[in-house]
Each structure stands twice: as C-alpha cells, then as structure tokens.
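Enquirer: If you want my numbering, it's the position in the sequence shown, counting the first as 1, plus 24.
I should point out that these hints are in silico values taken from the structure, not numbers from a laboratory.
Values in this document were obtained by computation on a predicted structure and should not be read as measured data.
Each hint should be verified, as a subset may be incorrect.
[Stated by the list, open to error] Now the in silico label distances, taken between C-beta atoms and shown as ranges:
{"#": "1", "residue 1": "Ser63", "residue 2": "Glu113", "range": "23 to 29 angstroms"}
{"#": "2", "residue 1": "Glu113", "residue 2": "Ala47", "range": "16 to 22 angstroms"}
{"#": "3", "residue 1": "Ala96", "residue 2": "Pro127", "range": "18 to 24 angstroms"}
{"#": "4", "residue 1": "His50", "residue 2": "Lys121", "range": "25 to 31 angstroms"}
{"#": "5", "residue 1": "His50", "residue 2": "Phe128", "range": "17 to 23 angstroms"}
{"#": "6", "residue 1": "Lys126", "residue 2": "Leu92", "range": "20 to 26 angstroms"}
[As the list claims (entries may be wrong)] Dumping the calculated EDC-like pairs for lysine to aspartate or glutamate here, alpha-carbon to alpha-carbon at most 20 angstroms:
{"#": "7", "residue 1": "Lys46", "residue 2": "Glu113"}
{"#": "8", "residue 1": "Lys46", "residue 2": "Asp67"}
{"#": "9", "residue 1": "Lys46", "residue 2": "Glu114"}
{"#": "10", "residue 1": "Lys121", "residue 2": "Glu90"}
{"#": "11", "residue 1": "Lys46", "residue 2": "Glu60"}
{"#": "12", "residue 1": "Lys89", "residue 2": "Glu54"}
{"#": "13", "residue 1": "Lys139", "residue 2": "Glu60"}
{"#": "14", "residue 1": "Lys89", "residue 2": "Glu130"}
{"#": "15", "residue 1": "Lys126", "residue 2": "Asp67"}
{"#": "16", "residue 1": "Lys46", "residue 2": "Glu86"}
{"#": "17", "residue 1": "Lys139", "residue 2": "Glu45"}
{"#": "18", "residue 1": "Lys121", "residue 2": "Glu86"}
Note that beta-carbon positions come from the ideal geometry of N, C-alpha and C, so glycine has one too.
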Amino acid sequence: MRILVVDDSSFMRNMLRAVLEKAGHHVIGEASNGQEAISQYRDLNPELVILDITMPILSGLESLKEILNYNAHAKVLMCSAMGQKAIIEESIRYGAKGFITKPFKEALILDEVAKMC
C-alpha cells in the first residue's frame with residue numbers, strides 16, 4: 025500500500041515508516057504539518073494517509089476536511105497521543121476511517137492499515 029505519513033515529530037514519522045516498510049508497505053511521502061499534508065496528498069495520490077491530529081499551521085482535523093473535500097474517497101487514519109473519546113468520535117464524524125493512539129504498538133498500526141486494504 026502507498027502511504028503518506030503526516031506528523032510534526034520526525035521521530036514519529038521515522039518510527040511509522042520503519043513499521044510500515046518492514047511490513048511491505050511503501051511510504052511515498054512525509055509531511056510535518058497540515059498544509060504540507062494537503063499539498064503532498066494532491067501531488068502523490070496515496071492510497072492511505074496516517075495523519076496526526078495536533079500539528080502546526082493546520083491541525084489534523086482541518087487537514088482531514090481538506091483532503092476529503094479534494095477526494096471524498098480518501099482513506100485517512102488519524103493518530104494522536106491524546107486518545108480521548110471525543111477526539112476519536114470527532115475524527116470519525118469528519119470522515120476518518122480509523123484511529124491510532126500514541127504511543128504506537130506495531131501490531132495495532134498494522135491491524136488498522138490492513139483494514140484499509
């Protein structure tokens with residue numbers, strides 16, 4: 025699967041890349057803020073976006089809305105260290121296909137990605 029990874033933390037992007045590539049997925053791009061995420065989505069047309077909620081410039085939720093306005097069929101997994109029920113529900117209501125809570129567990133990441141295939 026061709027995946028765009030979006031997180032303001034380079035450590036988290038690298039960790040996600042390692043997990044995904046080890047499982048045979050292709051990380052085709054990375055972004056460190058919501059504005060870059062939208063631009064990269066349009067340029068790269070990934071099959072899946074893993075999108076952090078708390079980011080500079082545009083939040084993950086704002087970016088999610090823009091990506092879905094551009095492509096209503098986009099597959100987006102949201103992630104956050106918060107893991108609060110209200111944030112998960114809001115993400116799903118806006119159109120996210122799933123939610124991953126930090127700190128990441130490799131098996132959970134891969135389970136959520138597998139649901140998108």
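Enquirer: Taking the hints in turn, state whether each one holds.
Expert: Against the structure, the hints come out as follows:
Here the CB-CB span from Ser63 to Glu113 is close to 28 angstroms, well matched to the stated 23 to 29 angstroms. A beta carbon spacing of about 28 angstroms between Glu113 and Ala47 contradicts the range 16 to 22 angstroms that was offered as a hint. A C-beta distance of roughly 32 angstroms is found between Ala96 and Pro127, which places it outside the suggested range of 18 to 24 angstroms. Checked against the hint of 25 to 31 angstroms, the pair His50 and Lys121 fails, with Cβ atoms roughly 19 angstroms apart.
The hinted window of 17 to 23 angstroms between His50 and Phe128 holds, with their beta carbons roughly 19 angstroms apart. Separated by about 23 angstroms at the C-beta atoms, Lys126 and Leu92 satisfy the suggested range of 20 to 26 angstroms. At roughly 30 angstroms between alpha-carbon atoms, Lys46 and Glu113 are farther apart than 20 angstroms, so this suggested pair is violated. Distance check on the hinted pair: Lys46 and Asp67 sit about 25 angstroms apart at the alpha-carbon level, beyond 20 angstroms; violated.
Restraint check for Lys46 and Glu114: not satisfied, since their Cα atoms lie roughly 31 angstroms apart, outside the 20 angstroms limit. As the CA atoms of Lys121 and Glu90 are separated by approximately 15 angstroms, the hinted pair is consistent with the 20 angstroms bound. A C-alpha spacing of about 25 angstroms is found between Lys46 and Glu60, which places the hinted pair above 20 angstroms, so the restraint is violated. Restraint check for Lys89 and Glu54: satisfied, since their Cα atoms lie roughly 18 angstroms apart, inside the 20 angstroms limit.
With a C-alpha separation of about 25 angstroms, the suggested pairing of Lys139 with Glu60 is violated against the 20 angstroms cut-off. Restraint check: the Cα-Cα separation between Lys89 and Glu130 comes to about 27 angstroms, which exceeds 20 angstroms; the hinted pair is violated. For the proposed pair Lys126 and Asp67, the alpha carbon gap of about 28 angstroms is over 20 angstroms, so the pair is violated. For the given pair, Lys46 sits about 30 angstroms from Glu86 by alpha-carbon distance, which is inconsistent with the 20 angstroms threshold.
Of the pairs offered as hints, the one joining Lys139 and Glu45 holds, with about 17 angstroms between alpha carbons and a cut-off of 20 angstroms not exceeded. Between Lys121 and Glu86, the direct Cα distance comes to roughly 15 angstroms. Compliance with the 20 angstroms bound is thereby established for this hinted pair.
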